[in-house]
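Student: Protein sequence lines correspond, in order, to chains A and B. FYI, this note's numbering numbers position 443 of the first sequence as 443, with every residue one higher than the one before it. FYI, this note's numbering numbers position 154 of the second sequence as 613, with every residue one higher than the one before it.
Since the hints were derived computationally from the structure, they do not count as laboratory data. Ideal placement from N, C-alpha and C gives every residue a C-beta, glycine not left out. Be aware that one or more of the hints could be misleading.
Pulled a few chain B residues facing chain A out of the computed Cβ check, cut under 7 Å [what the hints assert, rightly or not]:
1) Ala486
2) Ala522
3) Gln559
4) Thr573
5) Leu605
6) Ala813
7) Leu814
Label pairs and their computed distance ranges (CB to CB) [said to hold, decoys possible]:
8) A/Asp440 to B/Ser579: 30 to 38 Å
9) A/Asp448 to B/His608: 35 to 43 Å
10) A/Arg348 to B/Asp466: 48 to 56 Å
11) A/Asp455 to B/Asp584: 45 to 53 Å
12) A/Pro225 to B/Arg672: 26 to 34 Å
13) A/Ala171 to B/Asp723: 57 to 65 Å
14) A/Ser353 to B/Asp584: 56 to 64 Å
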Amino acid sequence: MSGEHLATRPTPGTPRAYEFPPFEKTRLANGAELRVVELPGRPLVSVVVAIRRGAADEPPDLAGVSSLAARALSEGTERHDAIGLVEASERLGAELHASAGWDVTSAGVEVLADRLAPAVALLAEMLRTPTFPAHEVERLRDQRMNEVLQAYADPRRRAGIAFDEAIYTEASAYRRLLGGSRVTVPALDPDSLRARHAAWMDPSSTTIVVGGDLAGVDVRGIMEPLFGTAIAAEAGAPPLAVIAASAVDTPTVRIVHRPGAVQTEVRVGHVGLRRRIADFHAVSVMSAILGGLFGSRLNMRLREEKGYTYGAHAGFDLRVHPGPFSASAAVDTDNTVPAVADLLGELRRMRESDVTADELRAAKDYLIGVFPLRFETPGPVVGALAGLATNGLPDDELARYRPGIEAVTVADVRRAAEEHIHADRLAIVLIGDADRIEADVAAAGFGDLEVLRDDAPAG
Amino acid sequence: MPAPHVDFTYERLPNGLRYILAPDPLAPVVAVNVWYGVGSRHETAGKTGFAHLFEHVMFQGSAHVSKAEHIALVQAAGGTMNGTTWLDRTNYFETMPSHQLELALWLEADRMATLLEALSQENLDNQREVVKNEKRWSYDNQPYGLWSHKLQAHLFPEDHPYHHPTIGSMEDLDAASLEDVSAFFRTHYAPNNAVVSVVGDFDPVEARAMIARLFGPIAAAPAPPPLPDMSLPLSLGGESREEVVDRVPLARVYVGFRAPTFGDPRLHALEIAGQILSGGKGSRLHRRLVREERIAQDAAFFVMGFVGGASIAAGWATVRPGVDVARVEAAYLEELDRIAREPVTGDELARARALVETEAVGALQRVEDRADQLSMYATLFDDPERINRELAAYLAVTAEDIRAVCAETFPADHRTVITYLPAPGGPADDEGAVDGGAVDRGADAGTEEAA
Chain A
1 MSGEHLATRP
11 TPGTPRAYEF
21 PPFEKTRLAN
31 GAELRVVELP
41 GRPLVSVVVA
51 IRRGAADEPP
61 DLAGVSSLAA
71 RALSEGTERH
81 DAIGLVEASE
91 RLGAELHASA
101 GWDVTSAGVE
111 VLADRLAPAV
121 ALLAEMLRTP
131 TFPAHEVERL
141 RDQRMNEVLQ
151 AYADPRRRAG
161 IAFDEAIYTE
171 ASAYRRLLGG
181 SRVTVPALDP
191 DSLRARHAAW
201 MDPSSTTIVV
211 GGDLAGVDVR
221 GIMEPLFGTA
231 IAAEAGAPPL
241 AVIAASAVDT
251 PTVRIVHRPG
261 AVQTEVRVGH
271 VGLRRRIADF
281 HAVSVMSAIL
291 GGLFGSRLNM
301 RLREEKGYTY
311 GAHAGFDLRV
321 HPGPFSASAA
331 VDTDNTVPAV
341 ADLLGELRRM
351 RESDVTADEL
361 RAAKDYLIGV
371 FPLRFETPGP
381 VVGALAGLAT
391 NGLPDDELAR
401 YRPGIEAVTV
411 ADVRRAAEEH
421 IHADRLAIVL
431 IGDADRIEAD
441 VAAAGFGDLE
451 VLRDDAPAG
Chain B
460 MPAPHVDFTY
470 ERLPNGLRYI
480 LAPDPLAPVV
490 AVNVWYGVGS
500 RHETAGKTGF
510 AHLFEHVMFQ
520 GSAHVSKAEH
530 IALVQAAGGT
540 MNGTTWLDRT
550 NYFETMPSHQ
560 LELALWLEAD
570 RMATLLEALS
580 QENLDNQREV
590 VKNEKRWSYD
600 NQPYGLWSHK
610 LQAHLFPEDH
620 PYHHPTIGSM
630 EDLDAASLED
640 VSAFFRTHYA
650 PNNAVVSVVG
660 DFDPVEARAM
670 IARLFGPIAA
680 APAPPPLPDM
690 SLPLSLGGES
700 REEVVDRVPL
710 ARVYVGFRAP
720 TFGDPRLHAL
730 EIAGQILSGG
740 KGSRLHRRLV
750 REERIAQDAA
760 FFVMGFVGGA
770 SIAAGWATVR
780 PGVDVARVEA
790 AYLEELDRIA
800 REPVTGDELA
810 RARALVETEA
820 VGALQRVEDR
830 ADQLSMYATL
840 FDDPERINRE
850 LAAYLAVTAE
860 DIRAVCAETF
870 PADHRTVITY
880 LPAPGGPADD
890 EGAVDGGAVD
900 RGADAGTEEA
910 A
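Could you build all of it, start to finish, from the sequences and the hints given here?
Tutor: Now the structure itself:
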């Protein structure tokens with residue numbers, strides 16, 4: 001063969017210095033915060049307006065109102081109807097977007113720098129002066145009702161829903177469907193959307209982030225008249241008492257029957273962590289070793305050794321309040337029980353023994369090295385800066401990321417696993433063919449078993 | 460705003476390897492992208508899915524790299540990587556911190572030179588199971604999951620290399636042997652059937668030397684056997700239809716056509732038509748089916764470009780519960796008919812052009828996307844300079860170009876229609892009563908005929 005010349009592995013060159021791009025922070029006249037990050041050579045500018053009010057503080061009987069209101073923002077403004085608004089933005093080569101998350105509602109646009117001012121004017125118009133026409137709201141409501149049906153038919157989305165319902169108490173906001181259920185959505189009328197919108201118009205909860213090649217662009221001069229003026233804000237609903245309480249105190253197993261399914265979608269986990277925690281870096285390294293890297297323990301065991309799955313992963317969905325921790329894989333039906341057993345074994349091993357020095361090094365080098373790759377273009381930089389505001393994190397959080405990861409030790413990883421993986425209160429959710437897996441799952445004794453047949457969304 | 464321009468060199472080693480160097484120091488990042496001129500169209504009967512299974516084997520080690528170590532080395536170097544297989548080609552790529560360029564090139568060279576030295580039955584068996592689970596995950600266990608396979612089967616005759624899906628069949632995957640892997644490697648995986656692109660923060664003199672040193676000694680192989688003549692007329696010779704009863708909550712109508720090949724300027728015009736038909740909320744299909752008549756949950760139209768014989772133009776509309784499926788199909792086809800008869804308006808064309816311009820800038824932002832495009836144009840056309848002509852080609856499309864290509868593509872005897880119908884008793888079966896002033900009630904939501 002012709003490989004002798006390849007016998008010596010290359011040694012890396014000298015790393016080029018990298019700093020997360022510095023940003024400038026000011027306030028508009030009404031108190032809204034403006035963050036501007038100059039990214040030379042990046043003509044496609046990204047703009048995000050992030051409002052720290054998401055679906056988590058909706059009244060339970062209006063679940064989905066944030067999401068529906070965000071979708072309806074572009075259905076008409078005081079100046080344009082829906083088609084007029086979309087056509088105006090398309091003439092600029094820009095697409096306006098808006099969506100509600102659990103903790104934040106965002107609207108934004110990506111546009112070439114020389115068209116920034118008119119595109120941002122449309123963004124402000126959409127965000128500040130929507131009219132929520134009844135006829136269009138009715139259509140969006142109907143689309144959402146159908147979307148829930150589609151989610152229940154898709155094993156991955158169905159698994160996510162069943163998992164959240166398994167780990168959070170009935171009263172927890174994070175247990176609900178982000179976009180609303182077939183029970184709550186029919187009640188969402190234009191008035192409820194207007195009330196939600198009024199709660200968003202709070203400058204003290206608003207952060208605007210602009211990133212890209214902004215040479216010669218007066219960003220503040222563009223933003224001040226559009227977003228800096230006062231607007232009649234209303235107090236939002238009082239925050240819910242319960243957003244993320246755990247419903248599980250002993251291991252439980254729930255099978256959602258999907259007749260004829262050739263795979264079982266597996267989710268295992270519990271209520272996890274908020275983003276703003278002292279041991280964020282240790283948790284990041286621990287998650288990477290457990291189920292983040294391709295060479296993670298879960299993926300190596302379930303995919304590369306056993307061939308049970310196309311991929312196994314684990315991680316913490318870090319939110320303002322404790323989001324889910326989950327390990328997941330889609331496994332062929334016949335291997336459901338051995339795959340779950342392996343997955344549980346890896347969770348236990350993470351808690352019960354130290355990671356090796358090689359595992360630690362590989363995970364740290366990956367997280368540190370890939371950091372600049374993640375932030376090559378404006379969109380992710382702007383998103384990360386908005387995320388700092390959402391989670392109440394300090395301005396130097398991203399600059400401190402790489403040293404923070406580098407400082408993590410084997411003992412830190414062990415402690416993070418012991419403190420944050422709770423083997424005694426895991427929920428195991430299986431979306432699969434109960435006729436083929438129920439008996440074996442019951443015999444395996446993973447926990448109290450419940451089987452949901454005749455699966456359909458409520459409402 | 461001037462169109463972005465990619466500066467590069469395009470060179471060839473004595474063993475036939477073509478390579479492209481496009482330095483750009485903006486970010487401390489470098490992308491390596493290798494395209495091999497082999498895809499699922501090169502598979503033979505009884506061996507479907509093999510090109511993709513082989514792609515997995517490429518991560519199972521080579522003479523100097525152990526199983527799964529390729530990915531571990533890239534990730535430990537702070538990089539990302541993957542491989543993909545499609546009808547015409549297979550690609551492998553790494554994006555690295557720029558000081559790790561040589562590692563990525565070495566890993567690609569080692570598997571190009573020595574893959575078979577590390578090949579084992581155990582690793583093949585393992586990846587066969589992984590790929591079978593990929594097939595279940597991506598297609599078999601998904602609602603509407605097999606639509607694209609059905610579309611290919613309808614649009615291309617049984618003996619055509621595009622007839623079968625890239626993921627292959629379970630039966631053929633089970634039959635794949637070590638001898639098949641060896642033969643496939645010897646036939647298709649050689650420097651003279653590959654293009655290597657390097658884009659980002661590097662010194663071209665150093666990179667050129669690395670490529671010569673790492674890839675230069677790899678022996679060329681005889682040219683792969685030529686493919687059969689793949690040319691096809693746009694017409695299917697008659698409309699082709701299939702009904703599928705599935706566990707889906709909403710009926711969905713898929714339509715498909717053969718379209719001009721990738722590289723044919725008419726395909727640019729068809730892509731602009733796709734933007735006008737279904738790109739965003741102001742588009743024709745969305746406006747009529749979703750907003751105005753309110754008969755569809757969503758609507759789409761898009762083009763998948765292929766170089767051999769014909770591309771695929773396809774789309775779908777998801778039928779609102781309680782609505783007559785035939786009505787949705789008729790409205791969808793009317794819009795295709797209209798764009799084939801009447802020129803699009805000046806404003807529609809101007810909006811589509813503005814969006815295409817933004818997209819073109821977006822598509823060249825990341826070094827890995829630039830590397831992929833350069834490898835693509837070099838592999839398929841031996842012409843990487845196309846990367847700098849594409850935007851102008853889109854912007855040159857006229858209303859008449861759009862009308863003409865739609866008229867050529869969309870006649871009734873050119874199309875295939877695949878209709879998914881919810882199995883009786885599903886969750887949407889009793890949906891007729893939900894709001895719906897604008898809704899016609901259809902009678903056929905439970906039609907039983909399946910293929």
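Student: Please go over all the hints and tell whether each is borne out by the structure.
Tutor: Hint by hint, here is what the structure shows:
1. Ala486: 5 Å, holds
2. Ala522: 5 Å, holds
3. Gln559: Hint on glutamine 559 of chain B: holds, closest Cβ of chain A at ~5 Å, below 7 Å.
4. Thr573: At 4 Å from the nearest chain A Cβ, threonine 573 of chain B passes the 7 Å test, so the hint holds.
5. Leu605: 12 Å, violated
6. Ala813: Status holds, d = 4 Å.
7. Leu814: Hint holds; leucine 814 of chain B Cβ to chain A Cβ min 5 Å, cut 7 Å.
8. A/Asp440 to B/Ser579: 30 to 38 Å: For aspartate 440 of chain A and serine 579 of chain B the Cβ distance comes to about 31 Å; the hint holds.
9. A/Asp448 to B/His608: 35 to 43 Å: 41 Å, holds
10. A/Arg348 to B/Asp466: 48 to 56 Å: Check passed, 54 Å falls within 48 to 56 Å.
11. A/Asp455 to B/Asp584: 45 to 53 Å: 35 Å, violated
12. A/Pro225 to B/Arg672: 26 to 34 Å: 59 Å, violated
13. A/Ala171 to B/Asp723: 57 to 65 Å: Check passed, 60 Å falls within 57 to 65 Å.
14. A/Ser353 to B/Asp584: 56 to 64 Å: 30 Å, violated
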